[in-house]
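Add chain U to chain W, keeping to what the hints say.
So the chains spell out like this:
2 protein chains.
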Amino acid sequence: MKDLIGVALLGQSGGPTSVINASAAGVFIEALKQENITAVYGAVHGIKGILNEDFYDIGQEDLEELKLLRNTPSSAIGSVRYKLKDPKQDPSEYERLLEVFKKYNIRYFFYNGGNDSMDTCNKISKFFKKAGYDCNVIGVPKTIDNDLYGTDHSPGYGSAAKYVATTFMELYHDATVYDTPMVTIIEVMGRNAGWLTAASALAQVKGQGPDLIFLPEIPFDIDKFFEQVKTMLAEKGKVIVAVSEGIKTTEGKYIATAFLDLYRDVRKDAFGHVQLGGTAQVLADEVAKRTKAKVRAIEFSLLQRCAAHLASKVDVNEAYNAGRKAVLAAVKGSTDKMVGFKRVSNDPYKIKYALLPLKLTANTEQKVPIEWILPDGKGMTQDFIDYALPLIQGDDKAKLEDGLPRFARLKKIRVPKK
Amino acid sequence: MKDLIGVALLGQSGGPTSVINASAAGVFIEALKQENITAVYGAVHGIKGILNEDFYDIGQEDLEELKLLRNTPSSAIGSVRYKLKDPKQDPSEYERLLEVFKKYNIRYFFYNGGNDSMDTCNKISKFFKKAGYDCNVIGVPKTIDNDLYGTDHSPGYGSAAKYVATTFMELYHDATVYDTPMVTIIEVMGRNAGWLTAASALAQVKGQGPDLIFLPEIPFDIDKFFEQVKTMLAEKGKVIVAVSEGIKTTEGKYIATAFLDLYRDVRKDAFGHVQLGGTAQVLADEVAKRTKAKVRAIEFSLLQRCAAHLASKVDVNEAYNAGRKAVLAAVKGSTDKMVGFKRVSNDPYKIKYALLPLKLTANTEQKVPIEWILPDGKGMTQDFIDYALPLIQGDDKAKLEDGLPRFARLKKIRVPKK
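So the protein sequences, as listed, match chains W and U. Residue numbers for the first sequence follow our numbering, beginning at 122 and rising by one. Residue numbers for the second sequence follow our numbering, beginning at 122 and rising by one.
Just so you know, not all the hints are guaranteed correct.
Same chains, same label: a pair holds when it works inside one copy or across any pair of copies.
[What the hints assert, rightly or not] The calculated SDA-like cross-link candidates involving lysine to any residue, where the alpha carbons are at most 20 Å apart (straight line), are:
hint: 1; residue 1: Lys345; residue 2: Ile506
hint: 2; residue 1: Lys357; residue 2: Ile534
hint: 3; residue 1: Lys250; residue 2: Asp240
hint: 4; residue 1: Lys327; residue 2: Lys518
hint: 5; residue 1: Lys434; residue 2: Lys520
hint: 6; residue 1: Lys434; residue 2: Arg527
hint: 7; residue 1: Lys434; residue 2: Asp517
hint: 8; residue 1: Lys415; residue 2: Gly358
hint: 9; residue 1: Lys359; residue 2: Lys533
hint: 10; residue 1: Lys434; residue 2: Lys518
hint: 11; residue 1: Lys154; residue 2: Gly454
hint: 12; residue 1: Lys434; residue 2: Leu521
Rather than coming from a laboratory, the hints here were simulated on the basis of the structure.
Here chain W stands alone, though its shape is the one from the complex (with noise of 0.2 Å):
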């Protein structure tokens, strides 16, 4: 194997993560130290940056910023939403790619992002061979939704959790303080995998939690959930519900266009466009008409995903590790892989890195296991305990400048356009 000597190239991609930088801040720091690597480059925006040759020199930053965006949440060089066209019906974004690899002579890419981005990554790493381009290609994942296929879990996913269970146990103080009866409905993001709103059961486990919990995975029965509900309301006055935002009804429909079928003429706004409401919130004001009780909906949103003050600090060194190893991996010759985890043992948690074929993550969904899922909402199993409290352990944030996290600052120097 000839050795490699070239650029290397970060691109982050999707949604932020609390980690994401974490796992840039690896794959910058171990690149500089490699003798092969004759500069390190962050594509601004992802894909779209190497499209238009824009890209942050990132050995003009200083190590200690770099060291910072462990714990800085979202994308530090700018993130993106694009697909490229399938390189068999329209190659010329592909041959847009290689041309300007060829012109930086980047050598080493790696690219931080979830399902889509494997994907991406594994097309590219294709082209690339195809056309006789030498470059190592690996893939680091990312995603709050914990739903990329062959590793046991994706940084991102355990600090994500961590905000989840923390926040429900907060919420459960709050929303069970008055003696007056009250419903409080609270939407997790997860469009097809329910991790995210499952890890509300780590809370409900400690008695300060979620009464029920309702996932994707479980076709979502709306006039048992109207039962339960109103049963739970009659017995201790109190009801707080984890949804995700994903779930869908016996027929296969999203709880908000459910019931658009059933009062098509309402929620619309003033140009007649439909108004999609979310899922806690349709849920809620439903609620609100059965019943006598408060009722309150509640979305994560954004926050879920951006808080990195609550940071899991092994996911932290998880998505720290596996850009650290990506750049190890590709130094050695690898390529076409993706950094997975392989567990170890739950108690210790011990965890392998493990490189995995792109291919065999890219577009492939891994759900919540059917089997972890109790049945009527009632939560999950001490299997799923198992799995996901080893990775909500320990705290790593920010320190405080003013009371107020200090995150990075990069200078974010421009590589001068060849």
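Showing chain U alone in chain W's frame:
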């Protein structure tokens, strides 16, 4: 002055905060030390618990658990939203309170709450005095709204302000991550006073906060707002807006109501009830109609008042001390007072505890000084920053157990009814 010997009673009232239990810890732990206090009770759901003779016997709790109350959010003994009738119109409830106080020999009464609670305290104190019943009544302030008159600030505000500022910084990183136009409108609690929304300026001065900040103290010019958003979108592609839930139009209408007047036939549910959206959501819907940007509304909802994991150390300490000082003042003979803070200096930050006449603080709202608010939603003056910054300093949170906060677990043993 004769020695008052008898039971001490604490009630918690109104919306929870992250530190109302820190004040409870201060009251309980200090009261348990006092020779003249024969027992320490907690009223179950505030004034309702007293009317129902429903008390927890705090003397039976473990001291270690009482100490954990410092970092446990919300109201551990239950809160209440219940306004006593005016004693001049109907003295029956006050007579009942007096009957209960006499029956249990309650000689020290501490009520932890906001404006309404201080008014309740004041009326109870006056009624007991008139009836010749010796009982020292001390109010302990609490409110995330910071609208209590007479005190420099109130326990609960510092932690909520820290939550708001920190979360705005994190959301800034998330909401600016793509290279596509985006408007994010974030709603903060505060019906009439904008203190909490103003805390977003602490993130703004770090360059990681909202572009526009709107408080209820200043009429909200809807047309101007849309123009500002459009101009900013054209200039920099991203706009982040902080709005108080209570902002009103120049005609004095809440935002949701104002838009209802414009689009009277929409925003009704299946039964024709008008649906009042949140302020942020209504503005977001309207911005979405007027621009091509992606628009998102976020509500901090209950999270901002129960996020004990992000409490300010200054706030936790002051809340705890306010509880302690209330007990010490009462046993020394003070009554009909509220514990308040007087600021000695900003840098170094120093306050003095003071006893304020309950009448002074009851039912008078302390709003943000107009001269601290920059015109056109541009933020806050340095005077506000100097005022607020010391209040969010330091961390003080529950230690972790299984990666999650170990909140207090009280035994909640009822006092036998007499």
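Here is what the structure says about each hint:
1. In this assembly of identical chains, the alpha carbons of Lys345 and Ile506 never lie at most 20 Å apart, being 26 Å within a copy and 51 Å across copies at closest.
2. Taking the shortest alpha-carbon separations for Lys357 and Ile534, only the inter-copy value of 19 Å comes in at or below 20 Å, while the best intra-copy value is 59 Å.
3. In the homo-oligomer, the alpha carbons of Lys250 and Asp240 lie at most 20 Å apart inside one protomer (15 Å), although the nearest pairing across protomers, at 77 Å, exceeds that limit.
4. For the homomeric pair Lys327 and Lys518, the shortest alpha-carbon distance between copies (18 Å) is at most 20 Å, but the shortest distance inside one copy (24 Å) is not.
5. In the homo-oligomer, the alpha carbons of Lys434 and Lys520 lie at most 20 Å apart both inside one protomer (14 Å) and across protomers (14 Å), since each shortest distance falls under that limit.
6. With identical chains, the CA atoms of Lys434 and Arg527 are at most 20 Å apart both within one copy (17 Å) and between copies (17 Å).
7. Taking the shortest Cα distances, Lys434 and Asp517 sit within 20 Å of each other both inside one copy (5 Å) and across copies (18 Å).
8. With identical chains, the CA atoms of Lys415 and Gly358 are at most 20 Å apart within one copy only, with a shortest distance of 10 Å there and 39 Å across copies.
9. When the C-alpha separation of Lys359 and Lys533 is checked against a cutoff of 20 Å, the pair qualifies only between copies, where the shortest distance is 18 Å, while the shortest distance within a copy is 50 Å.
10. When the C-alpha separation of Lys434 and Lys518 is checked against a cutoff of 20 Å, the pair qualifies both within a copy, at 8 Å, and between copies, at 16 Å.
11. Taking the closest pair of Cα atoms, Lys154 and Gly454 come within 20 Å of each other only inside a single copy of the chain (16 Å); across copies the shortest separation is 70 Å, beyond that limit.
12. Taking the shortest alpha-carbon separations for Lys434 and Leu521, both the intra-copy value of 17 Å and the inter-copy value of 12 Å come in at or below 20 Å.
Consistency with the previously given hints fails for number 1 only.
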